[in-house]
Amino acid sequence: MALSENILCELQRIVGRENVLTSKEDLIPYSFDGTAAMIQMPGCVLFVKNAQEVSSILKLANQTKTAVVTRGSGTGLSGGSLPSVDCIVMCTVRMDKILEVDRANLTMLVEPGVITLTIADEAIKAGLFYPPDPGSMKISTIGGNVAENSGGLRGLKYGITRNYVMGLEVVLPDGEILWTGNKCVKDVAGYSIKDLFVGSEGTLGVITKVLLKLIPKPAAKKTMVATFNVMDAAAQTVSDIIAAQIIPCTLEFLDRTTIHCVEDFAKVGLPLDCEALLLMETDGHPAAVADEAAKMEELARKNGAMEVRVAKDEAEANKLASARRSAFSALARVSPTTILEDATVPRSELARMVRFVEVIAKKYKLRVGTFGHMGDGNLHPTFLTDERNKEEMHRVHEAFKEIFDEAIRLGGTITGEHGVGLAKKDFLPKFLGEAQMRVHRELRKALDPNGILNPGKMFE
Amino acid sequence: MHPEGKTSLSPRIVDAFMAIVGKENVVYGEQELLVYECDAYTLEKNLPNVVLLPRSTDQISQVVKICAQEKLPIIPRGAGTSLSGSVLAVTGGVMICLSRMNRVLDIDFRNRRALVEAGCVNAWVTNAAKQKGFLYAPDPSSQSACTIGGNVAMNSGGPHTLKRGVTTNHVLGFEIVFPDGEIVWLGTRPDGSEDVPGYDLRGAVIGCEGMFGIVTRVLVKLIKAPQAYKTLLGIFESVDEASQTVSDIIAAGIVPGAMEMMDQMITQAVEAAYHFGFPLDAGAVLIVELDGLAAGLDKQADRVVEICKKNKAREVRIAKSEQERMDLWKSRKRAFGAIGRLSPNFLTQDGVVPRSQLPEIMRFIRQTSDKYGLRIPNVFHAGDGNIHPLILYDERDPQQVKNAVAAGNDILERCIELGGSATGEHGIGVEKIDFMAKQFSKETLDAMKMLRRVFDPETRCNPHKMFPGSKRCGDFAGKKQISA
Numbered sequence: 001m002a003l004s005e006n007i008l009c010e011l012q013r014i015v016g017r018e019n020v021l022t023s024k025e026d027l028i029p030y031s032f033d034g035t036a037a038m039i040q041m042p043g044c045v046l047f048v049k050n051a052q053e054v055s056s057i058l059k060l061a062n063q064t065k066t067a068v069v070t071r072g073s074g075t076g077l078s079g080g081s082l083p084s085v086d087c088i089v090m091c092t093v094r095m096d097k098i099l100e101v102d103r104a105n106l107t108m109l110v111e112p113g114v115i116t117l118t119i120a121d122e123a124i125k126a127g128l129f130y131p132p133d134p135g136s137m138k139i140s141t142i143g144g145n146v147a148e149n150s151g152g153l154r155g156l157k158y159g160i161t162r163n164y165v166m167g168l169e170v171v172l173p174d175g176e177i178l179w180t181g182n183k184c185v186k187d188v189a190g191y192s193i194k195d196l197f198v199g200s201e202g203t204l205g206v207i208t209k210v211l212l213k214l215i216p217k218p219a220a221k222k223t224m225v226a227t228f229n230v231m232d233a234a235a236q237t238v239s240d241i242i243a244a245q246i247i248p249c250t251l252e253f254l255d256r257t258t259i260h261c262v263e264d265f266a267k268v269g270l271p272l273d274c275e276a277l278l279l280m281e282t283d284g285h286p287a288a289v290a291d292e293a294a295k296m297e298e299l300a301r302k303n304g305a306m307e308v309r310v311a312k313d314e315a316e317a318n319k320l321a322s323a324r325r326s327a328f329s330a331l332a333r334v335s336p337t338t339i340l341e342d343a344t345v346p347r348s349e350l351a352r353m354v355r356f357v358e359v360i361a362k363k364y365k366l367r368v369g370t371f372g373h374m375g376d377g378n379l380h381p382t383f384l385t386d387e388r389n390k391e392e393m394h395r396v397h398e399a400f401k402e403i404f405d406e407a408i409r410l411g412g413t414i415t416g417e418h419g420v421g422l423a424k425k426d427f428l429p430k431f432l433g434e435a436q437m438r439v440h441r442e443l444r445k446a447l448d449p450n451g452i453l454n455p456g457k458m459f460e
Numbered sequence: 001m002h003p004e005g006k007t008s009l010s011p012r013i014v015d016a017f018m019a020i021v022g023k024e025n026v027v028y029g030e031q032e033l034l035v036y037e038c039d040a041y042t043l044e045k046n047l048p049n050v051v052l053l054p055r056s057t058d059q060i061s062q063v064v065k066i067c068a069q070e071k072l073p074i075i076p077r078g079a080g081t082s083l084s085g086s087v088l089a090v091t092g093g094v095m096i097c098l099s100r101m102n103r104v105l106d107i108d109f110r111n112r113r114a115l116v117e118a119g120c121v122n123a124w125v126t127n128a129a130k131q132k133g134f135l136y137a138p139d140p141s142s143q144s145a146c147t148i149g150g151n152v153a154m155n156s157g158g159p160h161t162l163k164r165g166v167t168t169n170h171v172l173g174f175e176i177v178f179p180d181g182e183i184v185w186l187g188t189r190p191d192g193s194e195d196v197p198g199y200d201l202r203g204a205v206i207g208c209e210g211m212f213g214i215v216t217r218v219l220v221k222l223i224k225a226p227q228a229y230k231t232l233l234g235i236f237e238s239v240d241e242a243s244q245t246v247s248d249i250i251a252a253g254i255v256p257g258a259m260e261m262m263d264q265m266i267t268q269a270v271e272a273a274y275h276f277g278f279p280l281d282a283g284a285v286l287i288v289e290l291d292g293l294a295a296g297l298d299k300q301a302d303r304v305v306e307i308c309k310k311n312k313a314r315e316v317r318i319a320k321s322e323q324e325r326m327d328l329w330k331s332r333k334r335a336f337g338a339i340g341r342l343s344p345n346f347l348t349q350d351g352v353v354p355r356s357q358l359p360e361i362m363r364f365i366r367q368t369s370d371k372y373g374l375r376i377p378n379v380f381h382a383g384d385g386n387i388h389p390l391i392l393y394d395e396r397d398p399q400q401v402k403n404a405v406a407a408g409n410d411i412l413e414r415c416i417e418l419g420g421s422a423t424g425e426h427g428i429g430v431e432k433i434d435f436m437a438k439q440f441s442k443e444t445l446d447a448m449k450m451l452r453r454v455f456d457p458e459t460r461c462n463p464h465k466m467f468p469g470s471k472r473c474g475d476f477a478g479k480k481q482i483s484a
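Residue numbers (my numbering), protein chains in the order written: chain U, 1 to 460; chain H, 1 to 484.
I should point out that these hints are in silico values taken from the structure, not numbers from a laboratory.
Every value quoted in this text rests on a predicted model; they were computed, and no experiment measured them.
We treat Cβ as the ideally placed atom computed from N, Cα and C, and that holds for glycine.
A hint or two may mislead.
[Unchecked claim] Straight-line distance between alpha carbons at most 27 Å, and here's what the computed DSS-like set of lysine-lysine pairs gives:
no., chain 1, residue 1, chain 2, residue 2
1, U, LYS302, H, LYS132
2, U, LYS59, H, LYS132
3, U, LYS157, H, LYS221
4, U, LYS213, H, LYS132
[To be verified] Calculated Cβ distances over 10 Å to all of chain U for the following chain H residues:
no., residue
5, LYS71
6, ARG100
7, LYS310
8, ILE318
9, ARG355
10, LYS471
Work the whole structure out from these sequences, hints included.
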């Protein structure tokens with residue numbers, strides 16, 4: 001059932017005719033997100049400008065029992081912002097203002113549609129630092145990052161989005177607008193409801209303002225790349241670095257397939273004759289950085305690294321980091337469909353997990369490239385496939401099932417940073433168990449009794 | 001004294017509890033129960049009907065199931081060091097005390113985590129990890145007595161919050177017994193990876209003041225102990241200049257492990273009591289402690305000295321030995337004790353403001369002091385904006401008592417106006433119920449109540465706390481003169 005004329009008219013009245021898309025051609029770009037092989041046509045797309053509009057829309061949606069799916073840039077990788085059929089897509093990209101940078105309190109207040117990279121750049125301009133750096137930061141929005149609790153390359157040392165959210169303005173499903181949090185570094189009045197909205201994947205409310213924590217910018221940074229001819233040596237190096245009580249800000253891993261695709265795409269001069277590559281970065285006080293970098297190089301060599309290359313300057317460091325960031329795009333060039341997945345295992349099980357992925361790829365005759373945040377145990381096995389080939393897609397799904405079961409068996413989880421969305425929905429109850437699922441359902445039902453917000457996502 | 005709705009408990013149920021936890025782990029009878037009539041907030045007191053000291057999660061679950069059947073209030077308790085009355089048995093009920101579940105169960109140095117029972121004392125965790133160079137970061141002043149379970153319930157802080165964060169930043173996951181008796185693990189599991197899918201129920205439970213269930217085992221993060229410390233003492237002409245120094249240090253990109261300030265009145269009292277050699281005419285003293293890798297610490301210290309001097313510090317001393325460092329900290333930690341020299345009674349508050357508002361709130365406190373004719377010395381976590389004004393009064397003078405309470409309320413209301421909070425680390429409990437409606441909108445309060453009912457539909461777990469309209473222990477207002 002398409003959206004009725006009445007509802008559309010009312011929506012146009014709320015946000016203005018120029019902020020509503022309804023024609024099929026206009027809706028197609030909003031019928032999918034970054035997740036492969038999932039397409040559903042919404043009823044309309046709205047570009048909202050403030051919390052009041054969001055509130056009016058949600059009230060209308062409740063009266064008419066219309067589904068609403070919030071969307072930022074649509075870079076999600078678990079189908080979190082995939083529209084429901086004929087739903088209202090509430091797009092926040094035009095709420096893109098940085099409202100305040102407070103240097104004295106080290107905070108930044110932003111609207112949800114601000115691009116993550118813009119936030120990082122603004123922080124640098126103020127001599128400060130916003131660490132979370134998801135792979136898609138050039139285009140992802142902060143609202144999406146908060147909703148998905150996005151990680152990034154620097155997660156190991158600096159943590160993830162959750163650790164940098166000090167306050168939120170949220171419109172609840174019934175249209176009530178509430179503010180939670182403040183600029184204080186500690187505050188124990190009342191429950192921490194802020195924590196519920198971070199990572200709620202657009203199911204509990206619509207985020208309309210975010211108060212972010214910034215930190216002082218590290219004075220120095222050293223970036224290096226080590227290559228290995230056996231995967232286990234790379235994994236052992238990671239373990240040794242952690243055991244040596246060094247917490248680098250980045251410890252990223254690329255396998256052979258990914259290295260080749262990246263080099264082919266980005267031409268940064270990566271060595272092509274290795275099985276595994278580690279991108280390592282340490283930051284902080286110059287003296288401490290020098291110490292740690294030397295130690296990391298030594299550990300890589302001790303584990304038989306073929307080569308350890310230290311970036312000479314900022315430009316080369318950026319080039320190496322962007323090589324890693326382009327891993328997904330580079331793999332995506334190779335085949336019509338790339339299905340990137342997200343599995344996290346305890347650090348001590350990393351090598352075993354990477355080997356398991358390779359075995360499974362062979363078993364199902366699939367091409368896979370694996371990369372990820374080695375320091376966090378967060379891996380992104382990426383299958384290179386073609387969604388038009390139904391038979392091959394079936395094998396991909398079978399392969400993923402085995403990979404997830406193995407991840408859980410090794411004490412890991414099904415999602416490190418991409419969320420549950422639609423893609424991992426079946427795995428959530430397996431991981432959480434019935435009692436926690438009950439709390440999840442009751443919580444959602446209490447906030448959204450009519451089930452209008454992002455229905456069918458995360459869990460039923 | 002007893003409020004309406006006092007819980008009654010039949011001997012049959014007490015027998016059932018004894019069968020579960022063992023007779024020796026049941027405290028019953030008015031004399032024995034007196035110990036449990038309040039926590040460190042002593043203005044309101046009431047006896048629970050019974051106190052149980054279980055030895056296992058399973059025992060707790062069984063007990064809680066009986067309480068669910070019989071509709072009895074449950075009050076979880078650790079060491080009872082809370083400063084806001086958060087473990088008070090307002091209408092009686094079954095108090096479940098975790099103090100006999102106090103073991104460190106496992107330390108996983110490789111993955112930097114420790115699994116402890118909820119009754120484990122905070123300081124024991126660090127003690128167990130320190131031979132390998134690790135520590136558990138949150139260090140509330142009561143750390144030698146307070147329990148990890150209590151810390152989870154109150155989301156406790158400590159002097160090192162500025163750099164390291166509070167309890168929620170260091171607790172990966174925990175086992176909890178829900179109010180219906182079900183045992184669930186929330187957050188990261190002891191052998192699992194850190195990321196957990198779904199809603200952050202872990203985060204929602206931390207700081208819930210024991211209202212969502214009973215936490216029984218906790219998986220905490222361990223961090224590497226700093227390789228070196230550098231502790232400085234800046235002596236300033238005024239609180240304003242010391243406050244500006246705090247802001248400038250942060251703005252210079254330095255995040256010290258701790259920054260603590262004492263104003264003139266406190267400094268004089270501390271000096272009179274312990275003779276650390278503080279100048280008696282200084283407007284304020286600021287303790288700045290840098291920690292981290294030894295490499296580079298000297299340079300940071302130089303930079304801090306420079307910033308102090310720029311703000312007209314009269315003198316900056318650097319602790320030359322571990323002994324000198326310990327002495328400096330002793331002066332700070334004993335500051336409360338020195339107050340006895342100034343006044344027969346004092347009332348302390350726990351407001352917090354954004355760091356940039358420190359000079360403003362300090363000015364307001366001076367005005368409040370003048371307005372009510374009461375002296376209000378200050379010793380506080382300057383880096384966090386967490387103030388602890390000490391309102392001095394004499395309980396023999398009823399007008400002073402009234403004024404002290406009014407002054408405390410004025411200061412907390414001003415904290416809220418300045419974008420802060422009525423409590424930085426002590427919690428709402430019963431003490432600060434009246435501030436909830438001042439700090440939060442109706443929508444936010446409703447959302448909190450909704451959340452509570454998701455975990456505890458019958459609102460039986462630690463009832464009559466936090467929310468406006470909760471029952472209080474009789475007519476307590478007139479007794480506020482008993483100092484905190």
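To see whether the hints hold, each was checked on the structure:
no., hint, verdict
1, U/LYS302 / H/LYS132, "holds (24 Å)"
2, U/LYS59 / H/LYS132, "violated (57 Å)"
3, U/LYS157 / H/LYS221, "holds (14 Å)"
4, U/LYS213 / H/LYS132, "violated (32 Å)"
5, LYS71, "holds (20 Å)"
6, ARG100, "holds (26 Å)"
7, LYS310, "holds (16 Å)"
8, ILE318, "holds (18 Å)"
9, ARG355, "violated (5 Å)"
10, LYS471, "holds (19 Å)"
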